[in-house]
Amino acid sequence: MIGLVNSVLAAFACDMLGEADWAAVAATAGLRSARIEPMFAYDDAITARLLDALTARTGQGQAALLEDLGTYLVCHPATAAVRRLLRFGGTDFCDFVHSLTDLPDRVRLALPDLVLPPIAVTEAATGRFAVVAGAGLPGLDHVLTGLLRAMADDYGTLALVEHDGRAIRVSVAAADFSQGREFRLTQGAAG
Amino acid sequence: MTQLSPAALTALMPMHVLADPSGVVVGVGPTLARLCPASPLQGRPLLDALTFRRPHAPRSLTDLLDHAGKRLSCSLRDPPGTAFKGLAVPVAGGGALINLAFGIGAAEAVARHGLGAADFAATDLTVEMLYLIEAQGLAMEEWRRLSRRLDGALSVAEAQALSDPLTGLANRRALTEAMARLSSAGLPYGLIHMDLDRFKLVNDSLGHAAGDAVLGAVARVLRAELRQDDLPARLGGDEFVLLLPGQTDVPRLSRIADRIIARIEEPVPFEGEVARVSASAGIALGSGRAAPEAVLAQADAALYSSKRAGRARATVHPDHAA
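Residue numbers (our numbering), protein chains in the order written: chain A, 584 to 774; chain P, 2 to 323.
If you are wondering where the hints come from, they were derived from the structure by calculation, not from laboratory data. Careful: at least some of the hints might be erroneous.
What the hints assert, rightly or not - Here are the computed distance ranges between Cβ atoms for each label pair:
{"#": "1", "chain 1": "P", "residue 1": "P80", "chain 2": "A", "residue 2": "A603", "range": "53 to 63 Å"}
{"#": "2", "chain 1": "P", "residue 1": "S279", "chain 2": "A", "residue 2": "M622", "range": "28 to 38 Å"}
{"#": "3", "chain 1": "P", "residue 1": "L202", "chain 2": "A", "residue 2": "P695", "range": "47 to 57 Å"}
{"#": "4", "chain 1": "A", "residue 1": "P695", "chain 2": "P", "residue 2": "P81", "range": "36 to 46 Å"}
{"#": "5", "chain 1": "A", "residue 1": "L743", "chain 2": "P", "residue 2": "T52", "range": "52 to 62 Å"}
As the list claims (entries may be wrong) - Short derived list, chain P residues pointing at chain A, Cβ under 10 Å:
{"#": "6", "residue": "I134"}
{"#": "7", "residue": "L147"}
{"#": "8", "residue": "R149"}
{"#": "9", "residue": "R150"}
{"#": "10", "residue": "G153"}
As the structure is a prediction and not an experimental result, all values here were calculated from the model. Backbone N, C-alpha and C define an ideal beta-carbon position, used for all residues, glycine too.
Bound conformation, chain P alone (with noise of 0.2 Å):
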């Protein structure tokens, strides 16, 4: 076998460990000595330095060759306590020599102990992991840093959406929008405002996909019954408006309402059962520059009078009443 000489052992193996026949540290490469300068190795019995998890606590180097050419775990038992993954084979004449690497630890080994390239030997990938894991803490911070901007750009969208994801009708904000730009153009509107009837107990007995499922069957009704001019909205829950341009006639009014409660009242199928609900309504006009609030608030009235008058039925407020 080839003998090589400490400067070749060093420069292949700069954390090698090199015990004689007895245990004892006759040889420490470079890098591992740097690791613990208060409490150097050398001179001292291998298994005092050292303290072996695997093979699990060796009483003699015997103990240790029976695990050659088997991955070792051990670490320093002095502080800094660093731990390694090694490599023990026996040597001629006896006596052991141990080969060390920080595996896993690689990078918290490197910072506490400032090691440098020139600590690795050549072909040691430990520096190329050091910057794996540079590179991609990079990266990953700028997907992180991305999708931080998506989220906000994704709230500004929700901010500004003006339809109801549930049943695609208008929400509140297209609502209140459209009535603003009408009132402000000074042209007048009817307004029916409705509410479902016994909505709660769909819910509470079939579900809340069936709650969903009336809930579409609404706005399909809404989309048939009404002119392209018209804008169905619905505010949340079981709360809808419609909003008419231009349509002030009261009477006509009543009748669009009541034939669409009339519709609402069909029964919807869902999974093998049927959806029963109904429909309140309350009406106003915005005429002039009625204020959207004021416009909204008379026919919410005119809805709880419907309400109390025994549901599923269409009340025009007292303002607009022929």
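Here chain A stands alone, though its shape is the one from the complex (with noise of 0.2 Å):
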């Protein structure tokens, strides 16, 4: 797996715990160094521990902390750029959800070596949606459970989004509730 998604846990667990505990972290997950090179590839296996470490130190359940991360990636000025391609997706929020099932293709364009299972996505009735990602990398359904909320928040939409054991189930409740975040297609001044 490409460091990146290793090096976002780091940005993650550094806003959350700071450096110190993160480095004791790290460790823990048996990297020889705290800093992460996004751009190399690591073991699928050093995610999976930096995780479980996470998880221990912080004392969080597992799929609480994921949910965590997933609103992390929109909310965060870190990851504003996240944020930014993630809105891409869609014009509003139903919008956005149905473009999910694009979202490993989308990624793939990117960054060739991050590679995300299929994403599912059926829309029952208007507003109600069931997203359902596939298997290949575990904690993912929560991470996007998180996304989903705060990305609701991002295109002013009130939506419940609950992780059932499995599907995320989304439903909108109002579509326009806010204003929602400005969202320019090319970057000027706001983003």
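Hints given; two lone chains; assemble the complex.
Shown next, in the form of structure tokens:
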């Protein structure tokens, strides 16, 4: 797995716990250095060990931790680029939820080494979605849960997002609930 | 043929222009209208509102429609002069429908006009193109950062390197560190400072590759003639220093130097030619806690004596001469 995933995890952990605790987590996971090289390839097992060490350190459940990571990806200034790239997926939140189907292909176009499993989206009734992440990247479903909550907020949509153990259930209550955050197709003064 | 309503036309082609048979603009897509709010296209002669490069300077709608189905190039005549590619087709009852697009300048046009995803038809790939530009830019920036870090690491590694890349012998840094270790431990050593004779001549007459071959041959001689614990070093150019820990027997050091000089004088074949050099040497001893610089300076002075005395010989510094 490309180091980018681990480096996001590192930024998230540093932000939550501080650099010293992150260094301890990295050491527990068996990394020689707390510094992650985003474009280098890392063994998949390292990501799993980092997550386990981080979970143990925070005392939080891993699912909750991964949901926070998903929210962090959208909301934190350090990952503003991720939020922007996600916003290209749709003009409104429902559009965005559908675009998750394309996410693995979109990611691959940008970074051929970052392989995401397929993501299935079904809209059973208008504004009611089931999102299922395929096997291959354990925990992706929980990250998506947090990410979807934050993106609903970003679009100014009021939506209920819950992981029921099999799928992420998304129910849109009010599409234009609030102003949402501004998004421009090209980066100018405002994101 | 199915007649499209203006609403359908707008949804499918938000950047279209519709001209009536007389060439006057009677319909403008909403996105195109956004580009030039100060000078609306509506109601103007099409050929006045747009400047065409391809086809070149059409004089009538007929000229333009001669180009129907082929790619058009045009731009707004008024500021900001945005450029388009496009396609014109005749419409029933005369007149022309022209669909425009930004083409390769899309990112700039989107930024300049503050367009959003809703300004493009859902089938238009402009937004995907902007996504790709941004994603690739981020990936490229990450590669650049990595490359800068690796560059920095390389410089550090080079600065910390202990060997001469050409010959694989120790470099000046490794030599002075080894001498410092010996003198801080109070261990004596012999030092032979050596300089090649006629090396410049080889470089000038046979080229630098021949010079490099000679340096490689000298390195092989030094390795063969010295003991495992001795340290042959190349200080750069044709300058070598041999550090012999525990070897303070002056006559013996002289014999070692003479033997090495004799072997360096053996011809070195190079691409059908033969390179011949010799060497001059200066010998000094490091004893007790003598500073490495001082011992090197003594060996250098002795080397200078060898050169003055006619080269191709070894001289012992007077402080250590028997």
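Cross-check of the supplied hints:
1. P:P80 x A:A603: 53 to 63 Å: Hint holds: Cβ distance 57 Å, inside 53 to 63 Å.
2. P:S279 x A:M622: 28 to 38 Å: Hint violated: Cβ distance 53 Å, outside 28 to 38 Å.
3. P:L202 x A:P695: 47 to 57 Å: At 55 Å between Cβs, range holds.
4. A:P695 x P:P81: 36 to 46 Å: 37 Å, holds
5. A:L743 x P:T52: 52 to 62 Å: 54 Å, holds
6. I134: 9 Å, holds
7. L147: 5 Å, holds
8. R149: Because about 12 Å separates R149 of chain P from the closest Cβ in chain A, which is outside the 10 Å limit, the hint is violated.
9. R150: With a minimum Cβ separation of about 8 Å from chain A (threshold 10 Å), the hint on R150 of chain P holds.
10. G153: 13 Å, violated
When each numbered hint is compared with the structure, violations occur for hints 2, 8, 10.
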